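Peer 1: Using the sequences and the hints given, assemble the complete structure.
Here's the letter readout for the chains.
Protein chains: 2
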Amino acid sequence: MITKQLIEPKSIVVVGGSDDIHKPGGTVLRNLQDGNFKGELYVVNPKMDEVQGVKSYRDVKDLPQVDCAILAIAAKFCPTAVEVLAKQKNTKAFIILSAGFHEENEEGAKLERQIVDTIDSVGGALIGPNCIGVLTNHYSGVFTSPIPELNPQGVDLISGSGATALFIMDSGMQKGIKFNSMYSVGNSAQMGVEEILEYMDESFDPETSSRVKLLYVESIEKPEKLLKHASSLIRKGCRIAAVKSGGSAAGSRAASSHTGALASSDVAVEALFRKAGIVRCNGRDELMTVAGIFMHPEVKGKNMAVVTHAGGPAVMLTDALSNGGMDVPHIEGEKAKELLSKLFGGSSVGNPIDFLATGTAEQLGFILDACDKDFDNIDGMAVIFGSPGLFPVFDVYNVLDEKMKTSKKPIFPIFPSSKIVKAEIDEFVSKGRVYFPDEVLFGNALCKIYKTPAPQPEHFDMPDMDVKKIREVVDNAQNGYLSPEEIHALLDAAGVARAKEGVSDNEEEIVKMAKEIGFPLVMKVVGPIHKSDVGGVVMNVNDEETVRREFKRMMQIKDTYAIMLAQQLSGTQVFIGAKRDDKFGHMVLCGLGGIFIEVLKDVKAGLAPMSKSEAHGLIKELKSYKIIQGVRGQEPVNEDKFAEAVMRISALVKVAPEIFEMDLNPLLGNKDNVVAVDARIRIEK
Amino acid sequence: MITKQLIEPKSIVVVGGSDDIHKPGGTVLRNLQDGNFKGELYVVNPKMDEVQGVKSYRDVKDLPQVDCAILAIAAKFCPTAVEVLAKQKNTKAFIILSAGFHEENEEGAKLERQIVDTIDSVGGALIGPNCIGVLTNHYSGVFTSPIPELNPQGVDLISGSGATALFIMDSGMQKGIKFNSMYSVGNSAQMGVEEILEYMDESFDPETSSRVKLLYVESIEKPEKLLKHASSLIRKGCRIAAVKSGGSAAGSRAASSHTGALASSDVAVEALFRKAGIVRCNGRDELMTVAGIFMHPEVKGKNMAVVTHAGGPAVMLTDALSNGGMDVPHIEGEKAKELLSKLFGGSSVGNPIDFLATGTAEQLGFILDACDKDFDNIDGMAVIFGSPGLFPVFDVYNVLDEKMKTSKKPIFPIFPSSKIVKAEIDEFVSKGRVYFPDEVLFGNALCKIYKTPAPQPEHFDMPDMDVKKIREVVDNAQNGYLSPEEIHALLDAAGVARAKEGVSDNEEEIVKMAKEIGFPLVMKVVGPIHKSDVGGVVMNVNDEETVRREFKRMMQIKDTYAIMLAQQLSGTQVFIGAKRDDKFGHMVLCGLGGIFIEVLKDVKAGLAPMSKSEAHGLIKELKSYKIIQGVRGQEPVNEDKFAEAVMRISALVKVAPEIFEMDLNPLLGNKDNVVAVDARIRIEK
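Order-wise, the sequence lines are chains U and Z. Counting in my numbering, the first sequence runs from 1 upward without gaps. Counting in my numbering, the second sequence runs from 1 upward without gaps.
Worth flagging that the hints you see were computed from the coordinates, not collected in a lab. These numbers come from a predicted model, not from an experiment. It is possible that part of the hints are untrue.
To be verified - Just a few of them, taken from the derived set where beta-carbon distance is under 8 Å, the chain Z residues facing chain U:
1. His-22
2. Ile-132
3. Met-316
4. Gly-389
5. Val-599
Claimed, not checked - Pairwise CB distance ranges (calculated):
6. Val-677/U to Lys-337/Z: 23 to 29 Å
7. Asp-672/U to Gly-502/Z: 31 to 37 Å
8. Gln-153/Z to Pro-206/U: 38 to 44 Å
9. Pro-46/U to Lys-342/Z: 29 to 35 Å
10. Lys-468/U to Val-631/Z: 39 to 45 Å
11. His-530/Z to Gln-629/U: 34 to 40 Å
12. Pro-146/U to His-459/Z: 46 to 52 Å
13. Asp-672/Z to Asn-476/U: 49 to 55 Å
14. His-296/U to Glu-107/Z: 39 to 45 Å
15. Asp-369/U to Glu-298/Z: 48 to 54 Å
16. Lys-335/Z to Gly-480/U: 45 to 51 Å
17. Lys-626/Z to Pro-453/U: 42 to 48 Å
18. Asn-540/U to Lys-626/Z: 32 to 38 Å
19. Asp-672/U to His-530/Z: 32 to 38 Å
What the hints assert, rightly or not - Below, a list of computed lysine-lysine pairs in the DSBU-like style, where the Cα atoms sit at most 35 Å apart:
20. Lys-579/U to Lys-302/Z
21. Lys-612/U to Lys-579/U
22. Lys-4/U to Lys-419/Z
Positions of the beta carbon are idealized from the N, C-alpha and C atoms, including for glycine.
Peer 2: In structure tokens:
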């Protein structure tokens, strides 16, 4: 667990501190000093009394009491050092930079376990091993460079890969992204991404905490914790984006060789991120673009004004926004004409607002004011302004900066001439601003954020279910597939509609049953083998009179000893499934049946339990959603009933986690209901 | 048309040349001088005798004979200047930078037409108006900066948007992309992207011409010309990538307001690019990434080795390659073990090949040699090497450069620390190298190139068709929908299988017909209204004996005066359509029928005519292709017959271009054949 000594240590020792700044023990010491660490600083180096001007002890045992230890010594020496520090020096925070632990071999894994046990025993915190360290606004405990300028409004970066954190910061700094903290969790021996997020959630202060969190993860070990704290932070007003890599088969092998952990199932990760409201990014560049957008006020709708002095990039951005589900709506009316009159001839304001290569800073001001105050159908502005190729653009970027301070709507600066107007961009960035070098990458990222749903509510009502009955069926069941009777009992107890049927040799009972099941019905004789041949099957039974008449007639058929009634269903085949994952718990999947699952893989998944509204969200994202809505005069599937069934299955597997997998395939959905026709449930206790 | 005077002028006049280098007339003159233009240089400026040290004439009339004129004067003065230059000064090349022509209003359009007429009348060439100019290795005729270092091995850039060309060069130069030429075609009044490409094709010299062409276009006015010369260039060994923007509805409006032209249909553009073998890019960044890959030798297969000193980016790249259809295959065996023994403990060679943050330049050399010589299942190497955070990496990038010179397999350098090791990257780039800052953007671009098909062959055999019959039917047809008989005649003449039928009252004729149509057959009485009720419909007729017996029986049925035979078909519904576009000619579309078209939009389109192999290519790209192959025991659709039908329809519409649109919907496809069951053809002459 995170300790105060890790975040804000009063004293730090670098064990393995060195004068050689090309070694981790040298660089981290230099960074601590450069980063103006205000507390006591010590070094342990068996050969030196002073390292980089800092007092060095020959042995850990000689140290005074110290809050936080950064270890840059060979793996095999770590356990002893940790033991002494934890037990004798009251050290409650450890950052182990060294590699050679469980990522390397079993021997290393043993050392790692030993260290964790020691630190756990004193209630200390451990970051790493096999990491680049920690960067907070109290100290720069990393051995790499560059070290970004730390800023309380900047982003918090938590990374499962040290080098990736380094590269993310390198790329982000170039776009003006500021950082508030960076945690490289390495092997996550004691604390991983989940624990850091937990700390950020629990220590969140609406007045002072930074609001953008970025994650790089290959393996999610504690999905429930991640979900809980990520969604809690987002509900508190934070915004979170994450790269989760290793999703492909080859990528999973790569991740496994990288961290020694198997990558989490990509479907499960997708479901988790959706539920939490995390924006999932592919790669560093996209993560930094999303982070840049997060540094701006939120766009409250989907309507963007594209403001430009160059037609081409505006067309490309408009394509990107439109294709990504946002809009660049037409701007017209008196106010638009008024704006046009302030621009040079040949300009257009219909959106994109193109004020030409000759456009001036003053004109940009008019445009941004009009978008902010006059055009109600605009939620935000993307301003594309590079070099016109002729003159500097300091004045334009100044106006942009000024308008960004006052505009009620967010303004995003896209600067496509990052080479030729570098001086202007540097000045803009020095004011704390972020910019975007490519309009299409910006547009794609903005759409990705727009399409990421809000986190699901922390609490929602579970549906009414006969929990006692569910437990009774499951407790009495063996491992393996349930019998039809058990399946019926479970579905009924969970309130999931299924095709109803019944058998009787009594006319009144049959009539009663028919009323319960509802019309239309199929009636079949019980007894004869070739039922149809003997007139023993009647479809489309629509009223009591027919039930009675057919009952009487059919009971006369040779060998018949009873009559079976079954609900006569029609509709579109849909599918609901559930599957248990050791880490993620149950995923519930839904989609259309048949080829939609098997060929087109048109399936969406959520983590159980789901609210009905989350289930609706999944259904609406299906590629085949139009079929559910009813296309070309076809009967729709009752979406609400479909969502309810999904929600009820997600509740069922929470009550009966022994369900290892289940398939309702198909359910038949029509405008009135969605009813399971065939089901398979496998128990694994 | 392009003239020698445009490419390699012996003399150039800047009309409107100025001392003010913040004006186009000033900057272009400076650029010409900075670019070491070797010929005679003049200026026309009514107020000056010398401008920037160059002799200035007060009037165009005073000029000596001059090859090429660059105009930077107001639009209204251009026609007269052009008239004098073309008629009196033997000027054969014009670059008009000025705006205010057809992109602005009808008056401007008139001026533009006047200029084109004048230039056409002397066989001259015109670039623009409303452009930033031309950059060749003979002169720098642009008014913007930056001007990239020109290099005969660099890329040729042709852009419909001047500012976009500028931004593309800005972004490309930062990644080390070299340029050989740049043409900003502006309004394309006389020459557009198509004509420049035509020139590059016709003047192509395998010894000296550069091999990478990049296009930015919003509107394709002459698709046939573009197709012809782009595919010809690619067949000669060039590689072409293009951004075609304005594809979305809002983007099309934006493009229209930008260039005054309606954007081309995105489906048609997709079809054109596929046929030509052009890699379609979304945006500048992707275009530059693809261009960077083009500057390397071609990857001959889909198997990449990912070589890295940092796990995270390798995992992300592996994901990107796998998800994009390429592979990062496992590497094992003796040679792999040998390589591993040369790396530090903890390294892995299974691919990704991770030689750790401490990995050295020498080790990188071993790895690249092994990939090149020992690992047969590797087609190319992507090397991810940023800053380890501790020391410079000059030696690593040197080894990379050396190995790139000797390796038979392409090596792609991905440098994720573009800020911290900028000095090293600058040195690498100064050797003529290109690098990639983001592994995921690189991986996506590599996959995009891998998936772009080769250009279709220039010549291929058209199928045997009864062209005379086709012309006869079409010539005799009115505008509007064809009758069933006309449709049958056209399909038969084109050799497209359709459900066959025939009617006779003669037993021998019926038997003959049955043999022609083929079994199974449906037989129906002709005459009675309720055919089934009177026993007048027989399915599954499988042999001659049954035909004779049923014929005799059925002819006895009351009111029957003849018997109809029809092919009894079963199979999967597929779809073929064709549609004429004013500019692109006919597009032929194919896919599965029903919801696949209407809901899932799973349709692929090609430009007519298509070879069978192109048709196969389209079919294989359908999302529902697995259904055509036969999924889960379902009967497949005969892909070859499907492709043949697509090919034949594409030939039919070439022979009968009066066909405005046609739909074969559905055709029924089974393992033996694909047969049109219903068809609609509309003629518009």
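Peer 1: All the hints need checking, so say for each whether the structure fits it.
Peer 2: Hints, one by one, checked against the model:
For His-22/Z, the interface hint holds, since its Cβ comes within 8 Å of a Cβ in chain U; the closest pair sits about 5 Å apart. Contact between Ile-132/Z and chain U, as hinted, is supported at the beta carbon level, the nearest pair being about 7 Å apart and thus within 8 Å. Given the 8 Å rule on beta carbons, the hint for Met-316/Z holds: about 5 Å separates it from the nearest Cβ of chain U. Taking 8 Å as the C-beta cut-off, the interface hint given for Gly-389/Z holds, the closest approach to chain U being about 2 Å.
Because the beta carbon of Val-599/Z sits about 5 Å from the nearest beta carbon in chain U, less than 8 Å, this interface hint is met. The beta-carbon spacing between Val-677/U and Lys-337/Z, approximately 56 Å, falls outside the hinted interval of 23 to 29 Å. Taken as a hint, the range 31 to 37 Å is violated for the pair Asp-672/U and Gly-502/Z, whose Cβ atoms sit roughly 47 Å apart. Separated by about 58 Å at the C-beta atoms, Gln-153/Z and Pro-206/U break the suggested range of 38 to 44 Å.
In this structure the supplied range 29 to 35 Å holds for Pro-46/U paired with Lys-342/Z, their Cβ-Cβ distance being about 31 Å. Our hint of 39 to 45 Å for Lys-468/U and Val-631/Z holds, since their Cβ atoms are close to 43 Å apart. For the pair His-530/Z and Gln-629/U, the beta carbons lie near 39 Å from each other, so the given range of 34 to 40 Å is met. For the pair Pro-146/U and His-459/Z, the supplied restraint of 46 to 52 Å is violated, since their beta-carbon distance comes to about 58 Å.
Between Asp-672/Z and Asn-476/U the beta carbon distance is about 54 Å. The supplied range of 49 to 55 Å therefore holds. Taking 39 to 45 Å as the suggested C-beta distance range, the pair His-296/U and Glu-107/Z conforms, at roughly 42 Å. Distance hint for Asp-369/U and Glu-298/Z: a CB-CB separation of about 52 Å, consistent with the stated range 48 to 54 Å. In this structure the hint that Lys-335/Z and Gly-480/U lie 45 to 51 Å apart at CB holds, the actual value being about 47 Å.
For the pair Lys-626/Z and Pro-453/U, the beta carbons lie near 31 Å from each other, so the given range of 42 to 48 Å is not met. In this structure the hint that Asn-540/U and Lys-626/Z lie 32 to 38 Å apart at CB holds, the actual value being about 36 Å. Distance hint check for Asp-672/U and His-530/Z: the Cβ-Cβ separation is about 35 Å, which falls inside the suggested range of 32 to 38 Å. For a cut-off of 35 Å, the pair hint linking Lys-579/U to Lys-302/Z stands: about 34 Å separates their Cα positions.
For the hint linking Lys-612/U to Lys-579/U, the alpha-carbon distance of about 19 Å falls within 35 Å, and the restraint holds. For the proposed pair Lys-4/U and Lys-419/Z, the alpha carbon gap of about 33 Å is at most 35 Å, so the pair holds.
Hint violations for this structure: numbers 6, 7, 8, 12, 17, all remaining hints satisfied.
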